[in-house]
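Asker: Let the sequences and hints guide you as you build the complete structure.
If you use this note's numbering, the sequence shown corresponds to residues 1 to 332, in order.
Treat the hints with caution; some may be incorrect.
Mimicking DMTMM-like on lysine to aspartate or glutamate, the simulated pairs with C-alpha atoms at most 20 Å apart in a straight line are [as the list claims (entries may be wrong)]: (1) Lys73 <-> Glu94; (2) Lys260 <-> Glu120; (3) Lys183 <-> Glu204; (4) Lys109 <-> Asp83; (5) Lys135 <-> Glu96; (6) Lys227 <-> Asp187; (7) Lys284 <-> Glu331; (8) Lys143 <-> Asp7; (9) Lys231 <-> Glu152; (10) Lys284 <-> Asp247.
The following label-pair restraints were derived from C-beta to C-beta distances [unchecked claim]: (11) Pro47 <-> Pro262: 20 to 26 Å; (12) Ala318 <-> Pro156: 22 to 28 Å; (13) Asp215 <-> Gly185: 19 to 25 Å.
In case anyone wonders, no lab produced these hints; they're calculated from the structure.
Where is the CB? At the ideal position from N, CA and C, for every residue including glycine.
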Amino acid sequence: MWKKNFDFIAIGETTIDAFIRIKDAHVNCRVDKESCEICMAFGTKIPYESVEEIFAVGNAANASVSSSRLGLKSALIANVGADRNGNMCIETLESEGVSTKFVAINKDKQTNYHYILWFEDERTILQKHSHFPYKLPKLDNTKWIYLTSLGEDSLPYHQEIVDYLEKNKEVKMAFQPGIFQIKMGFDKLREIYARSEIFFCNTEEARTILNKSGDVSIKELLAGVNKLGPKIVVITDGKNGSYFYTDGRSFFMPIYPDPKPPFERTGAGDAFASTMVGAIIAGKTIPEAMAWAGVNSMSVVQQVGAQRGLLTKGEIEAFMTKAPAGYIVKEI
Numbered sequence: 001m002w003k004k005n006f007d008f009i010a011i012g013e014t015t016i017d018a019f020i021r022i023k024d025a026h027v028n029c030r031v032d033k034e035s036c037e038i039c040m041a042f043g044t045k046i047p048y049e050s051v052e053e054i055f056a057v058g059n060a061a062n063a064s065v066s067s068s069r070l071g072l073k074s075a076l077i078a079n080v081g082a083d084r085n086g087n088m089c090i091e092t093l094e095s096e097g098v099s100t101k102f103v104a105i106n107k108d109k110q111t112n113y114h115y116i117l118w119f120e121d122e123r124t125i126l127q128k129h130s131h132f133p134y135k136l137p138k139l140d141n142t143k144w145i146y147l148t149s150l151g152e153d154s155l156p157y158h159q160e161i162v163d164y165l166e167k168n169k170e171v172k173m174a175f176q177p178g179i180f181q182i183k184m185g186f187d188k189l190r191e192i193y194a195r196s197e198i199f200f201c202n203t204e205e206a207r208t209i210l211n212k213s214g215d216v217s218i219k220e221l222l223a224g225v226n227k228l229g230p231k232i233v234v235i236t237d238g239k240n241g242s243y244f245y246t247d248g249r250s251f252f253m254p255i256y257p258d259p260k261p262p263f264e265r266t267g268a269g270d271a272f273a274s275t276m277v278g279a280i281i282a283g284k285t286i287p288e289a290m291a292w293a294g295v296n297s298m299s300v301v302q303q304v305g306a307q308r309g310l311l312t313k314g315e316i317e318a319f320m321t322k323a324p325a326g327y328i329v330k331e332i
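Answerer: If you want it as structure tokens, here you go:
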């Protein structure tokens, strides 16, 4: 009998996050609180509380670690430089049980490195992407690929992914677009949207993708993204919960109650999306997978960084036994 070599292969980037915790700052928001800015003194010295490097993070790397902790056979397709940071990323992934056979080491490039200004329970990320030569490696058999954030020069790479999917129609794809993929617009990624089994974004990203402004209902956003091609659409709305759309019906899922105030919110969206896919691979229904996703997202924000709070299958199941009665999917 033909067996697949991997359950889950994530495609995207990996990076190092340097968390710089600051206190001497304040936040300035518009009246509607849709847009806020972190403010610090200009032209002076600002003390910081601590700095901590966390290796092998980023949307795709986070997803690969998440799926591995759920007990799935996981791999990552990404690029690193031939430097100390690249070596540390590979070592970290391997320690998490993630296969790095598809991680390309680029001799003339530097591994991505992000600075994160951590203030209260939120973060502002200073990003810089190296321009890697994107190339889809020859893949082992897999059940799912998980496509997420890539650099702005990655459009031809997306076509390689489409070509792979055309040749391997049994492989399912989850798509969680990053900043540059959203900026590319639907027309350039039309075939990616059409091939997506499940699609993830937040409410603001959905408005941008659909070119909507003003008062747009969540049901309009869900149905609008569905018309672009994805079979299942998931839209998260932070503390307000999450929504999904499939077969013409819309559903709502509340957040899993935080045991204490969130410590730091990096990676909550990655945990949610990757856990939902992992749960579906493990045989869960969509409502069950949404519930698992909410638990893992809750756990991640209780720790610094995107991966420390990621749970195993057994740990998620333990939280589910303690879930409040209202922690269920409801049709809207």
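Asker: The structure should be examined with respect to each hint, and the outcome stated for every one.
Answerer: A quick look at each hint next to the structure:
Of the supplied pair hints, the one linking lysine 73 and glutamate 94 holds, its CA atoms being roughly 12 Å apart against a limit of 20 Å. For a cut-off of 20 Å, the pair hint linking lysine 260 to glutamate 120 stands: about 14 Å separates their Cα positions. Taking the CA atoms of lysine 183 and glutamate 204, the gap is about 13 Å. The hint holds against a cut of 20 Å. The suggested pairing of lysine 109 with aspartate 83 holds, with an alpha-carbon distance near 8 Å, which does not exceed 20 Å.
Pair hint lysine 135 plus glutamate 96 does not hold up; C-alpha atoms about 24 Å apart against a cutoff of 20 Å. The hinted pair formed by lysine 227 and aspartate 187 meets the criterion: a straight-line CA distance of about 13 Å does not exceed 20 Å. For a cut-off of 20 Å, the pair hint linking lysine 284 to glutamate 331 stands: about 18 Å separates their Cα positions. For the proposed pair lysine 143 and aspartate 7, the alpha carbon gap of about 5 Å is at most 20 Å, so the pair holds.
Taking the CA atoms of lysine 231 and glutamate 152, the gap is near 26 Å; set against the 20 Å cutoff, the hint is violated. In summary, the hint linking lysine 284 to aspartate 247 is supported, as the alpha carbons are separated by about 18 Å, within the 20 Å threshold. The hinted range of 20 to 26 Å is satisfied by proline 47 and proline 262, whose Cβ atoms lie roughly 24 Å apart. Between alanine 318 and proline 156 the beta carbon distance is about 45 Å. The supplied range of 22 to 28 Å is therefore violated.
Between aspartate 215 and glycine 185 the Cβ separation comes to about 23 Å, which falls inside the hinted range of 19 to 25 Å.
Checked against the numbered hints above, the structure breaks hints 5, 9, 12 and satisfies the rest.
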